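Peer 1: Sequence:
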Amino acid sequence: MKLDGKDYFQVLSKKIVLPSSFFGPIKYYSILFNNKNCIIDVYENYIKQSIRSRCDLYSSNGKLSISVPKIRKNSSKTRMKDIQICYSEDWQKSHWKTLLSCYNSSPFFDFYKEKIEIIFQKKEKFLIDLNLKSLEIIKDFLKIDRDVYFSKEYINKTECIDLRLKKFLSSELISYDQVFSKHCGFINNLSILDLIFNLGPEAINIINDKENIKI
73 MKLDGKDYFQ VLSKKIVLPS SFFGPIKYYS ILFNNKNCII DVYENYIKQS IRSRCDLYSS
133 NGKLSISVPK IRKNSSKTRM KDIQICYSED WQKSHWKTLL SCYNSSPFFD FYKEKIEIIF
193 QKKEKFLIDL NLKSLEIIKD FLKIDRDVYF SKEYINKTEC IDLRLKKFLS SELISYDQVF
253 SKHCGFINNL SILDLIFNLG PEAINIINDK ENIKI
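Numbering (this note's numbering), first residue to last: 73 to 287.
These are computed hints drawn from the structure, not numbers from a lab. None of these values were measured; they are calculated from a predicted model. A hint or two may mislead.
[Said to hold, decoys possible] No more than 25 Å apart at the CA atoms, straight line, and that leaves these computed lysine-lysine pairs for DSS-like: (1) Lys211 - Lys145; (2) Lys282 - Lys211; (3) Lys145 - Lys120; (4) Lys239 - Lys195.
Model the full structure from these sequences, guided by the hints.
Peer 2: Here is the structure:
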């Protein structure tokens, strides 16, 4: 059995290394929750404009990205675990309004909104802590009862199945009803929040879909 050119038993015996994610795309969580060898690297160098600090939503005008601003440092290379969040502007309030605009009419938004809103109220110092809170909420929503592991040092790409630069694109065969799909069509590869707000408990079926689990 081959997975993108990798022998299946090789995949089983090696760590699968993922980046940290701020409400990342569906496939990211499919891989994370369905592969026991996954580990999130918090010692990698931060990459801007990536799932580490940005997620894609579905607005009335189509795909819309929101991102968590960081405090700028003189050095261009900063470990993910050391990235600090900037609060010079009230981005939390702005992002929450965006979520309301995008998903207030979705079938399950009211059911989940109280726990999600907490994310946009508490001021975490570090981005990695914010991402960890978002991960725990997603696990809670999906009833995932398993540990997620984090690196204690940088993991060399020769020692693992390295997905830190991967574009987490879901199978084109996967689709579901979205709030604005009747007007704008289905948009794939959005944040896990889009899936959860639209499908609720049934979201786990897409997370566990065999096409999405593939590396």
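Peer 1: So, for every hint listed, does it hold in this structure?
Peer 2: Verification of the hints:
1. Taking the CA atoms of Lys211 and Lys145, the gap is near 32 Å; set against the 25 Å cutoff, the hint is violated.
2. Restraint check for Lys282 and Lys211: satisfied, since their Cα atoms lie roughly 19 Å apart, inside the 25 Å limit.
3. The straight-line distance between the Cα atoms of Lys145 and Lys120 is roughly 13 Å, inside the 25 Å bound, and the hint therefore holds.
4. For the hint linking Lys239 to Lys195, the alpha-carbon distance of about 29 Å lies beyond 25 Å, and the restraint is violated.
Hint violations for this structure: numbers 1, 4, all remaining hints satisfied.
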